[in-house]
Amino acid sequence: MAKKDNKKMRILHGMSDVAGQGSYSAHGLRDIGADATMAVWRQNPFGYEVDINLHIKKEKLHNPLYAFVSGIKMLCFAVKAAFRYDVFHFHFSNTLLPFALDLFWLRIMKKRIIMEYHGDDIRYYYNREKPYYYVYDKLVERPKRGYITNNRILKYVNTFITHDEELRKHIPNKNLFITPLRIDVDSLIPVYPDADKKKVTIVHAPSSYLFKGSKYVIEAVKELEKHYDIEFILVEKKTQKEAFEIYKKADIIIDQLFYQSYGVFAIESMSLGKPVVVYISNEIKETFPSNMPIVIANIDNLTEVVESLIIDGKRRYELGKAGRKYVENYHDYRKVAQVQLDIYNNVIEPMSTLESFEYTKKKVVKK
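For the sequence shown, the UniProt record's numbering begins at 1 and goes up steadily by one.
It is possible that part of the hints are untrue.
With a straight-line cut-off of 30 angstroms between C-alpha atoms, the simulated DSS-like cross-links for lysine-lysine are [unchecked claim]: (1) 321 x 366; (2) 197 x 58; (3) 199 x 237; (4) 241 x 155.
No lab work stands behind these hints: they were computed from the structure.
Start from the sequences and build out the full structure, keeping to the hints where you can.
Shown next, in the form of structure tokens:
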């Protein structure tokens with residue numbers, strides 16, 4: 001594929017917006033002069049800004065008439081998009097049509113197709129080997145249609161993107177790029193922990209009690225409350241704006257205890273200047289920059305790890321400062337957009353996670 005003029009290359013991100021990754025990508029691409037659009041079947045519950053929303057309500061698809069009308073709406077958009085856009089950057093195994101039925105035709109039309117996997121969209125289907133994976137034994141088996149869709153994606157898509165090494169083994173022998181997760185760093189003003197604060201505020205946002213390991217977080221905090229003055233806040237059923245106001249008050253934020261790597265919530269928390277506790281496997285930790293300021297814990301040592309932060313206010317403050325700098329260097333959506341454009345234009349070859357992070361760091365953001 002020949003290198004294209006950024007202003008002539010028309011890029012579509014869709015059709016799911018996982019943690020705002022598609023929206024941030026399209027926004028960042030536009031900021032650097034590219035023609036980029038974000039389209040979704042339905043808007044993310046957190047309300048990330050999109051350009052095109054088909055307003056297809058998942059809970060109504062059991063109705064045959066609604067499903068038929070929605071299918072026609074999807075098909076019409078797919079046909080229009082196929083002729084308008086040059087690059088299709090899909091997210092979370094969702095393409096223009098259900099079961100990835102559009103991919104064959106997009107390949108025939110010589111479109112550049114990228115699939116960005118975000119985790120469970122590929123992880124469940126192809127590998128269950130990792131520490132602490134036993135939590136997933138409680139999950140209902142994924143539907144067969146997921147295997148059908150992903151097998152079709154692996155057949156027709158020519159470029160893949162993930163965020164770190166954890167998902168690499170799920171996409172064998174493919175043209176796989178690593179790009180950091182992205183957020184709007186400037187929209188989050190840091191509020192660093194007060195090193196001299198006596199009553200420590202610990203925040204945990206259990207979007208899923210099972211996936212986040214919330215049971216173990218609650219148990220650890222209850223044990224620590226016997227010895228320390230703690231305010232513990234579980235952030236549930238809040239709007240994004242309400243949740244962020246709570247995060248700003250935190251001295252320690254505990255994210256998840258089962259996945260092997262960190263995600264958008266940890267990045268947002270670091271951007272707010274907060275020390276973040278997350279489970280990251282030793283294998284994956286070694287692939288990140290050595291200055292990664294995340295505090296690593298698992299269900300076996302969580303109490304001790306959090307206690308070490310409670311008793312050391314200076315460390316909490318220093319971690320908050322380091323976390324903000326880390327996000328500015330590696331997770332600014334405008335930097336990642338430049339890397340994405342290099343991928344679309346075949347300027348770069350696949351790299352390791354560390355190489356990709358350092359490549360991203362070198363990108364310059366125009367304020």
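Do the hints match the structure? See the list:
no. : hint      : verdict
1   : 321 x 366 : holds (22 angstroms)
2   : 197 x 58  : violated (46 angstroms)
3   : 199 x 237 : holds (25 angstroms)
4   : 241 x 155 : violated (41 angstroms)
Checked against the numbered hints given earlier, this structure breaks hints 2, 4; the rest are met.
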